[in-house]
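J.: Sequence:
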Amino acid sequence: MEAVEALLETRLFQQLVHGLGPNERMPVTVAKAQKVAEAYGMSLDDIATLSTKFWEMHAAPIVCENPATIVLLSIQYNLVLGTILDHVGRTKKDELRGLLEDLLKYRISGQFCLTELDHGLDAANLETTAELLEDGSGFVLNTPHPGAAKFMPPVVPCGSPCVGLVMARLIEHKKDLGVRPFLVNLSDGKDMLPGIVTRVLPYRGGSSPVWHSITSFHNLRIPLSALLVTHKVPFQQLIWRAAVGSISLAATALPAVAHASFIAAKYSQRRLVLGRPVIEFPTQHGPILDAFAKHFVFVAFYRRAAKIFANEGVERSVRHGIAACFKAVVTRDGQDAMIKLSERCGAQGLFNYNMISQMHADLRGNAVAEGDILVLSIRLVTELLLDRYALDTTFFAGFAPLDSPLAHHAAGLLATARATLQGPCKGLHRSEEFSRRVLPQCTKIVEAIGMHYAYASAVSAGLDARITRLYLASALKEDQSWYVEHLGMKREDMFVEEIEATRDALPLLDEWMASCGAEKFVKAPIVDRERWDAFVGSLEVFDGSRRARSEMVLSRL
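Sequential numbering of the sequence shown, starting at 1, is according to full-length UniProt numbering.
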């Protein structure tokens, strides 16, 4: 989008931030989130219907410029606005129209307060309470003990007023009516409001800073209108937007892999060893080409998965399952690519100013956000084994399932798990034997399904055969012994195929660098000499020779 690219020319986005401390960077991040929101011009309908614009924002190249920006935007649009729009009736929406517009334009910060210190993955058992006052005039919001404090939401005052969508147990006449969402004013932009205490967590090492915090409520009176949903809603349905986040936040790996591949490629083209650019060595261009191929394949996968996810005619559990497959494989391969590409940049790959290590740290955060991959995988595999639903019929609707080694691998692992359930586990999916034999395999099974779907999406989308060939050769390495044992393939043949696929892809490197969409957004100084010289010139200087010259003058006097 032209409006988004135009941001790169502004002073805000040209500012160098890696020399700033976390407290100095956070206001910059908020300002950037507001500008990106303005550039995208998202509508309430975009958020409610999961439009193309909604999905594109999460995978936009600009998210890599400051990854914390998309964290704030995703919380604001998907978790807060999305949950309100999904569960609040038209009358209530009309009452909240002004607030919804302020959240949409990012004039007000919105935070999703669900997870508690003692209740991470078992969020359904949260303990924050909102008790109806005896006179019925409102509620009292309380954190009953330190372990029930809300964990992570960045509610620290940062210039804009902040409201929280707080999940709490509705208590009426001492009776627990279950978890409901409450809209609560948290901050006026300068200070927390009375009755609310937040403690800022030290920022996560290596990642772009976000003021994550621990927040508790102490006899906080809130009006009746704070209760957004008066009727009981199943918990998983209430937090449905977390499932949306499983796929949308995982999509940030797409531009991240493109950025890292571009940076490593440019650096390798200008870095010389014995007069030769290091990009000429297979040990250098191999990981770079592999990462590029994965980027293009995952873009195709994302488009198909997002289209299915936005289809309300598809059962929610199926959509959730496809999202889990996408997140599992994209997050794994994204992090692996970051590590390999960082290493190929040597010591330069360790510094955040060259972006790769920071993007890796941010991807680690997204791997556990909106659903831990292991837990998502356990749930999905268990439900597939119990035949509660199937994924292939929905995923391959409209085109023929692709018969590939990856398809056999995914089906084979699932069949083995099913045989284990019916055999040693005696059909009991909650047994100790199931926990020992099947649960440790769940992530691997979901990743296998994800690789199958990714490859099928790329082939169906008509990607260059050199891209899909290289992706397939790389994917086979994830479980070579299975292919040898079950499909009769040979390790040497797979190795040779990867060599040839890499060789055939090498002439396309410059084309892939130009088409991945990263070039305009990359700020890493190692990509060219001019940027490097400007970067070095911006560094703080301690010059011992100045002291020496000063002492020489004094000695003459």
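Hints were generated in silico from the structure; no laboratory data involved. The C-beta atom is built at its ideal place from N, Cα and C for all residues, glycine as well. Possibly wrong hints are sitting among the right ones.
[Stated by the list, open to error] Ranges between beta-carbon positions, derived for each pair: (1) A310 with D94: 20 to 28 Å; (2) L193 with Q422: 37 to 45 Å; (3) K426 with D135: 18 to 26 Å.
[What the hints assert, rightly or not] Here are the computed lysine-lysine pairs in the DSS-like style, where the Cα-Cα straight-line distance is at most 27 Å: (4) K340 with K266; (5) K520 with K35; (6) K266 with K93; (7) K266 with K92; (8) K520 with K340; (9) K190 with K174; (10) K307 with K444; (11) K232 with K105; (12) K266 with K175; (13) K53 with K93; (14) K105 with K490; (15) K175 with K35; (16) K340 with K53; (17) K490 with K340; (18) K105 with K92; (19) K426 with K444; (20) K93 with K35.
J.: Take the hints in turn and mark each one as holding or not.
T.: Here is what the structure says about each hint:
1. Between A310 and D94 the CB atoms are about 25 Å apart, so this pair conforms to the stated range of 20 to 28 Å.
2. The given range of 37 to 45 Å is broken by L193 and Q422, whose C-beta atoms sit roughly 57 Å from each other.
3. Between K426 and D135 the beta carbons are some 57 Å apart, a value that contradicts the proposed interval 18 to 26 Å.
4. At most 27 Å may separate the alpha-carbon atoms for a hinted pair to count; K340 and K266 meet this at roughly 15 Å.
5. Restraint check: the Cα-Cα separation between K520 and K35 comes to about 18 Å, which is no more than 27 Å; the hinted pair holds.
6. Taking the CA atoms of K266 and K93, the gap is about 50 Å. The hint is violated against a cut of 27 Å.
7. Using a Cα cut-off of 27 Å, the hinted pair K266 and K92 is violated, with the two alpha carbons roughly 53 Å apart.
8. About 23 Å separates the Cα atoms of K520 and K340, which keeps this hinted pair within 27 Å; it holds.
9. At most 27 Å may separate the alpha-carbon atoms for a hinted pair to count; K190 and K174 exceed this at roughly 36 Å.
10. Distance hint between K307 and K444 is fulfilled; the C-alpha atoms sit about 25 Å from each other, no more than 27 Å.
11. Taking the CA atoms of K232 and K105, the gap is about 31 Å. The hint is violated against a cut of 27 Å.
12. A hinted pair counts as satisfied when its Cα atoms are at most 27 Å apart, and K266 with K175 does not qualify at roughly 63 Å.
13. With a C-alpha separation of about 22 Å, the suggested pairing of K53 with K93 holds against the 27 Å cut-off.
14. Proximity of K105 to K490 is assessed by CA-CA distance (about 57 Å); at most 27 Å being required, the pair is judged violated.
15. At roughly 45 Å between alpha-carbon atoms, K175 and K35 are farther apart than 27 Å, so this suggested pair is violated.
16. Taking the CA atoms of K340 and K53, the gap is near 32 Å; set against the 27 Å cutoff, the hint is violated.
17. Using a Cα cut-off of 27 Å, the hinted pair K490 and K340 holds, with the two alpha carbons roughly 26 Å apart.
18. Between K105 and K92, the direct Cα distance comes to roughly 20 Å. Compliance with the 27 Å bound is thereby established for this hinted pair.
19. The straight-line distance between the Cα atoms of K426 and K444 is roughly 22 Å, inside the 27 Å bound, and the hint therefore holds.
20. In summary, the hint linking K93 to K35 is supported, as the alpha carbons are separated by about 25 Å, within the 27 Å threshold.
This entry does not satisfy hints 2, 3, 6, 7, 9, 11, 12, 14, 15, 16, going by the numbered hints stated previously.
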